[in-house]
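> Given next are the chains, with one letter for each unit.
2 protein chains.
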Amino acid sequence: MNVEFVNPFLISTANVLSTMAKTEAKFSKPFLKTDRSAKGDVTGIIGMNCSQARGSLAITFTEAAILHIYNQMLGETAKEVNDDVVDCVGEITNMITSGAKAILSEKGYQFELAIPTMVAGNNHSISHKTKGSVICVPFDTIAGSLFVEVCFEE
Amino acid sequence: MNVEFVNPFLISTANVLSTMAKTEAKFSKPFLKTDRSAKGDVTGIIGMNCSQARGSLAITFTEAAILHIYNQMLGETAKEVNDDVVDCVGEITNMITSGAKAILSEKGYQFELAIPTMVAGNNHSISHKTKGSVICVPFDTIAGSLFVEVCFEE
Numbered sequence: 001m002n003v004e005f006v007n008p009f010l011i012s013t014a015n016v017l018s019t020m021a022k023t024e025a026k027f028s029k030p031f032l033k034t035d036r037s038a039k040g041d042v043t044g045i046i047g048m049n050c051s052q053a054r055g056s057l058a059i060t061f062t063e064a065a066i067l068h069i070y071n072q073m074l075g076e077t078a079k080e081v082n083d084d085v086v087d088c089v090g091e092i093t094n095m096i097t098s099g100a101k102a103i104l105s106e107k108g109y110q111f112e113l114a115i116p117t118m119v120a121g122n123n124h125s126i127s128h129k130t131k132g133s134v135i136c137v138p139f140d141t142i143a144g145s146l147f148v149e150v151c152f153e154e
Numbered sequence: 001m002n003v004e005f006v007n008p009f010l011i012s013t014a015n016v017l018s019t020m021a022k023t024e025a026k027f028s029k030p031f032l033k034t035d036r037s038a039k040g041d042v043t044g045i046i047g048m049n050c051s052q053a054r055g056s057l058a059i060t061f062t063e064a065a066i067l068h069i070y071n072q073m074l075g076e077t078a079k080e081v082n083d084d085v086v087d088c089v090g091e092i093t094n095m096i097t098s099g100a101k102a103i104l105s106e107k108g109y110q111f112e113l114a115i116p117t118m119v120a121g122n123n124h125s126i127s128h129k130t131k132g133s134v135i136c137v138p139f140d141t142i143a144g145s146l147f148v149e150v151c152f153e154e
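Chains as they are written, first to last, in this note's numbering: chain A, 1 to 154; chain B, 1 to 154.
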């Protein structure tokens, strides 16, 4: 997988969480995902296509992390992953992918975005049906972890 | 949402399960999804784009249904949702969407498919971030239920 595709998502994730949710998200070393080990409680998934590549993005939050982010973004307090929190994950997925799309556009990749799908359920795992590599990037926030997974086939 | 987009997925789902897994899947009345009520244990999700529309498909299986289908497809016995079963869900997602893509192509819609993402975790729910409608179609098999959800924006 072209590593050029990964950085825009890291930049955009940190940017969206900082500007929209006043939450600093520090990423640690990206790794190649070889199993379904990264688990979370709510996930946003979106497909992307351009003439040169097709791919998908999954962003998985622990409950603690997304409740903090939701509360910071909306100024409301949610104590569990309810419909509003799930909708917020869809909105974050849209914003992160749109930000990455803008960066990738400057590099000559004109991606089209599909419709985000959200998954809610304690301790679920995510995997991707691809012959290519899956890059997983862990992010830490003051309230907990999230994981951004990106895969592309060219 | 253009109802022309829904039927190809119903036809393709029944066709793939019948030919690949010797499993009859009968669908009941499609309904507009207004909440996250349809729950399952393993899900395949894929994004789709064409020049006229963008969308996503989610196919959610109960554990009993997917174990039966897996065993029928592979001639192997899995007693729980392991990595091989999750991979099989990705393969089924690819096959159903490819079948639907072929039908839609005849109607003048040249969809490109993103990379399938799979979710495993007991009793998770699926929702979609769209201003359009989400159509959910329940299917019954001899071993249990599955749900096909389709949404498109034009």
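The set of hints was computed from the structure by calculation and includes no laboratory data.
The structure displayed is predicted, hence computed values, not measured ones.
Incorrect hints may appear among the rest.
You can't tell identical chains apart in this list, so a pair holds if it fits in one copy or across any two.
[Unchecked claim] Keeping only pairs whose Cα atoms sit at most 25 angstroms apart, straight-line, the calculated BS3-like set for lysine-lysine is:
no.	residue 1	residue 2
1	K107	K79
2	K33	K22
3	K79	K101
4	K131	K26
5	K39	K107
6	K107	K22
7	K29	K79
8	K101	K131
9	K26	K39
10	K39	K79
11	K29	K107
12	K101	K29
> Please go over all the hints and tell whether each is borne out by the structure.
Hints versus structure:
Taking the closest pair of Cα atoms, K107 and K79 never come within 25 angstroms of each other, the shortest separation being 41 angstroms inside a single copy and 47 angstroms across copies. Taking identical chains as interchangeable, the C-alpha atoms of K33 and K22 are never at most 25 angstroms apart, the minima being 29 angstroms within one chain and 33 angstroms between chains. Taking identical chains as interchangeable, the C-alpha atoms of K79 and K101 are never at most 25 angstroms apart, the minima being 32 angstroms within one chain and 41 angstroms between chains. In the homo-oligomer, the alpha carbons of K131 and K26 never lie at most 25 angstroms apart, since the shortest distance is 29 angstroms inside one protomer and 32 angstroms across protomers.
With identical chains, the CA atoms of K39 and K107 are never at most 25 angstroms apart, being 32 angstroms at best within one copy and 40 angstroms at best between copies. In the homo-oligomer, the alpha carbons of K107 and K22 never lie at most 25 angstroms apart, since the shortest distance is 28 angstroms inside one protomer and 47 angstroms across protomers. In this homomeric assembly, K29 and K79 never come within 25 angstroms of each other (Cα to Cα): the closest approach is 31 angstroms inside a single copy and 36 angstroms across copies. In the homo-oligomer, the alpha carbons of K101 and K131 lie at most 25 angstroms apart both inside one protomer (23 angstroms) and across protomers (21 angstroms), since each shortest distance falls under that limit.
For a Cα distance limit of 25 angstroms, the shortest separation of K26 from K39 inside one copy, 18 angstroms, qualifies, whereas the shortest one across copies, 33 angstroms, does not. Both within a single protomer and between protomers do K39 and K79 lie at most 25 angstroms apart by alpha-carbon distance, with minima of 20 angstroms and 22 angstroms respectively. When the C-alpha separation of K29 and K107 is checked against a cutoff of 25 angstroms, the pair qualifies only within one copy, where the shortest distance is 24 angstroms, while the shortest distance between copies is 46 angstroms. Taking the closest pair of Cα atoms, K101 and K29 come within 25 angstroms of each other only inside a single copy of the chain (22 angstroms); across copies the shortest separation is 38 angstroms, beyond that limit.
When each numbered hint is compared with the structure, violations occur for hints 1, 2, 3, 4, 5, 6, 7.
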